[in-house]
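Student: Here are the chains, one letter per residue:
2 protein chains.
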Amino acid sequence: MTIPKQVFVREVGPREGLQTSSKVVATEDKLKLIDFLSHSGVKEIEITSMVRPDRVPQMADSDELIARFRPAPGVRYTALYLNRKGFARAEASGRLMNEGWIYSATSDTFLSKNANTSHRDIVTSLSEWLSDFRAAGKAQHGVMISTAFGCAYEGSAVRDRLLPVAQELVDALSQQGSRPKELSLADTVGHGTPELVRKAVGDLKARFPDIRISLHLHDTRGTGIANAYAGLLEGADCFDASVGGAGGCPFTPGAAGNIATEDLAYMCEELGASTGISLDSYVQGAKFLEQVLGTRLPGKYYRTARSRA
Amino acid sequence: MTIPKQVFVREVGPREGLQTSSKVVATEDKLKLIDFLSHSGVKEIEITSMVRPDRVPQMADSDELIARFRPAPGVRYTALYLNRKGFARAEASGRLMNEGWIYSATSDTFLSKNANTSHRDIVTSLSEWLSDFRAAGKAQHGVMISTAFGCAYEGSAVRDRLLPVAQELVDALSQQGSRPKELSLADTVGHGTPELVRKAVGDLKARFPDIRISLHLHDTRGTGIANAYAGLLEGADCFDASVGGAGGCPFTPGAAGNIATEDLAYMCEELGASTGISLDSYVQGAKFLEQVLGTRLPGKYYRTARSRA
Numbered sequence: 001m002t003i004p005k006q007v008f009v010r011e012v013g014p015r016e017g018l019q020t021s022s023k024v025v026a027t028e029d030k031l032k033l034i035d036f037l038s039h040s041g042v043k044e045i046e047i048t049s050m051v052r053p054d055r056v057p058q059m060a061d062s063d064e065l066i067a068r069f070r071p072a073p074g075v076r077y078t079a080l081y082l083n084r085k086g087f088a089r090a091e092a093s094g095r096l097m098n099e100g101w102i103y104s105a106t107s108d109t110f111l112s113k114n115a116n117t118s119h120r121d122i123v124t125s126l127s128e129w130l131s132d133f134r135a136a137g138k139a140q141h142g143v144m145i146s147t148a149f150g151c152a153y154e155g156s157a158v159r160d161r162l163l164p165v166a167q168e169l170v171d172a173l174s175q176q177g178s179r180p181k182e183l184s185l186a187d188t189v190g191h192g193t194p195e196l197v198r199k200a201v202g203d204l205k206a207r208f209p210d211i212r213i214s215l216h217l218h219d220t221r222g223t224g225i226a227n228a229y230a231g232l233l234e235g236a237d238c239f240d241a242s243v244g245g246a247g248g249c250p251f252t253p254g255a256a257g258n259i260a261t262e263d264l265a266y267m268c269e270e271l272g273a274s275t276g277i278s279l280d281s282y283v284q285g286a287k288f289l290e291q292v293l294g295t296r297l298p299g300k301y302y303r304t305a306r307s308r309a
Numbered sequence: 001m002t003i004p005k006q007v008f009v010r011e012v013g014p015r016e017g018l019q020t021s022s023k024v025v026a027t028e029d030k031l032k033l034i035d036f037l038s039h040s041g042v043k044e045i046e047i048t049s050m051v052r053p054d055r056v057p058q059m060a061d062s063d064e065l066i067a068r069f070r071p072a073p074g075v076r077y078t079a080l081y082l083n084r085k086g087f088a089r090a091e092a093s094g095r096l097m098n099e100g101w102i103y104s105a106t107s108d109t110f111l112s113k114n115a116n117t118s119h120r121d122i123v124t125s126l127s128e129w130l131s132d133f134r135a136a137g138k139a140q141h142g143v144m145i146s147t148a149f150g151c152a153y154e155g156s157a158v159r160d161r162l163l164p165v166a167q168e169l170v171d172a173l174s175q176q177g178s179r180p181k182e183l184s185l186a187d188t189v190g191h192g193t194p195e196l197v198r199k200a201v202g203d204l205k206a207r208f209p210d211i212r213i214s215l216h217l218h219d220t221r222g223t224g225i226a227n228a229y230a231g232l233l234e235g236a237d238c239f240d241a242s243v244g245g246a247g248g249c250p251f252t253p254g255a256a257g258n259i260a261t262e263d264l265a266y267m268c269e270e271l272g273a274s275t276g277i278s279l280d281s282y283v284q285g286a287k288f289l290e291q292v293l294g295t296r297l298p299g300k301y302y303r304t305a306r307s308r309a
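Protein sequence lines correspond, in order, to chains S and Z.
Taking the working numbering, I'd label the letters of the first sequence as residues 1 to 309.
Taking the working numbering, I'd label the letters of the second sequence as residues 1 to 309.
Bound conformation, chain S alone (with noise of 0.2 Å):
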C-alpha cells in the first residue's frame, strides 16, 4: 500500500461537468473555462462530446468549440465519443488528439440506453474499432467499463461482472494484438465503496499488471473522494475529475457529478503524490464556471481556499 508519486489526471468537466446542466453555457463561456484548465497545469482536457446536437443542447456547439478552443502546449485536448460516427467526426476535426478507446460496461441496460449497444455487440465490433483506430493512424489505447461498481437500473448485482467483462475485452484485444495500455473503472452511478475499489483495484492490477488501472468516480453519495484514496492506496494513478466537481450523467438518475478536480489534487499533493496541477488556476475556473452557472457546485475545496502562494 504505497501510495504513486505521480498521478496523472484528466480533466472532464468542459463535457462531463456542463452536459447535464439545464442552462446551456455560452460558447465564449466554455472556450474560458478551458483557458482557464489549459493554463492550470492539468495535461488532459476532455472539451466536448460527440453526441448528436439535438440530443444535447448542451453539446450542440461542439463543432465550434472545437473548432476554436485554444491549445496550450503539452496539454492533450479530446472529446468523448460513444459510436464509430462521433469518433470519425472528432477525427475530421484535425484539431483533437484522441486516443483510440473501446467503452463498454457491466450493464447491458446501461449501455443500451447510452449508447444503444451491449457488450456482446462490442465484443463483436473490436475489429471495426481496431481498423477505425489505424486508418486514424491511433492506437489502440484503452478500455473504459462503466457502471463498475453498480448501476441506477441493475444495482450492484453488476459488480459479479466487472472481472469477466475486463479479462474478455483484455482477451480479445490483445488477441486481436492490440493489449489495451489502460483500463478505466467507471463509478458511473457512483455506488462505489472504498473497499470495493481497493478490491478492483487490487484484483485487476495483479491480473494485468503491466496495464495502468484508473478510475472515474462519482460523488452520489459522499464516497466520491475516499474511493479516489482507496484507489491511490493500491497505486492507481490516473483519474478521472471535474473542476468544481460539476455535472452528473444524462443517463443515470440520481448520479452526482465526478469528483472535484481540484479536491483530488489536493489530496493527492498533501500524500505525497504529484498531479502537476496549480491549485489556484482551478480555484479560478472553478470560481468562474459557479458564476456562469449561478450555482453553488459541488467542490469543496475552491470555495474555502485562500492563497497557498
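Because the hints were derived from the structure by calculation, they are not lab data.
One copy or any two copies: either way a pair holds, since identical chains are not told apart in the list.
Okay, derived cross-link-like pairs now, SDA-like style, lysine to any residue, Cα gap no bigger than 25 Å in a straight line:
#, residue 1, residue 2
1, K5, R159
2, K43, M97
3, K5, A157
4, K287, F8
5, K138, R84
6, K199, I3
All figures in this text were calculated on a predicted structure; none of them were measured in a lab.
Mind docking chain Z on chain S? Use the hints.
Tutor: Relative to chain S, chain Z alone:
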C-alpha cells in the same frame, strides 16, 4: 488494517450544524429535527450549546430546548460546554446526560478565540474540572483535542503538538486517578488528510491501547469522508457527524460543516461496520433541515437516496 464491526456515531447537527447558520431556526423546528434524529437509531445527540445567549443568537433558546425536547429510550442527549459555568448550567437542567469531557487544542490561538483559555490553563484547571464532575456524580470520560490536524490561525505547525498535548493530558488525568476512556481528535478546520489521520490514530492507539480514539471531522477541503475511511482502517470506531453535513465553526474562518452523518453511516454500513442508524430516518431529517434552512446541505447521500427498504 481491519475495519471495526461496530461504529458509534455522535450526532452533533442540532448544535454544531446550526450554530453558524445566519437563519435562526425556530425552537419548534429544532424540536422536530431532534425528533427525527431520536428515532433514527443514533445513540447520542448533542442538542445545543451552553454559550451565552447574547453571543450566539442560534443558541438563545437553549434552556427552552433542553426543557422541552422529547427523549427517546436508549439515546444520550448532551449539550456542549466550553467552561465550568456551562457544565454547571447543563447539569442544572436535570435533563441532559453529559459525560465529563476536557476540551483542549493544539493551538492556543484557537483556544483563546474559541474559549478564552489556553492549553496551560486547561492543564492547570484539571483538578477543578474533576471536582466539578465528581460533584455532579460523573466520571471524567474523555478528552477532545481541537485543531488536531491544522489551525486557521497557526497553520499546519500545530500538528507536531498533537502527540505531546495528548500525552500531557492523559498523564495528568491518570495521575489524578481519572485516566480518560476516550480521546477525540477534532479536525476543526478540515485540514486533515487521510494519511495524517491514519498516522495520528495509529500512533495514539499504540501509545494508549486502553483508550478509545474517536474523530470529529470537518469537510472543508473535501477530504472529510476519506479521512473517516482512513480512521476506520486504523480501527477508529467513534465519530462525530452532522445531519446533512450542516454547519461550520464560528471561530474558524472558512471551515465547512462536519461530515454528513448519513454519508458516514452509509459508508460504514457498506464497509461492514454497523452503526445502528436508519438511513431512511436520516434522509427524512436532512430533507426537513434543508427545508427549514432554505438551502441545499453539503451531504450527498440524502439528496439522491431512494428508499432502500
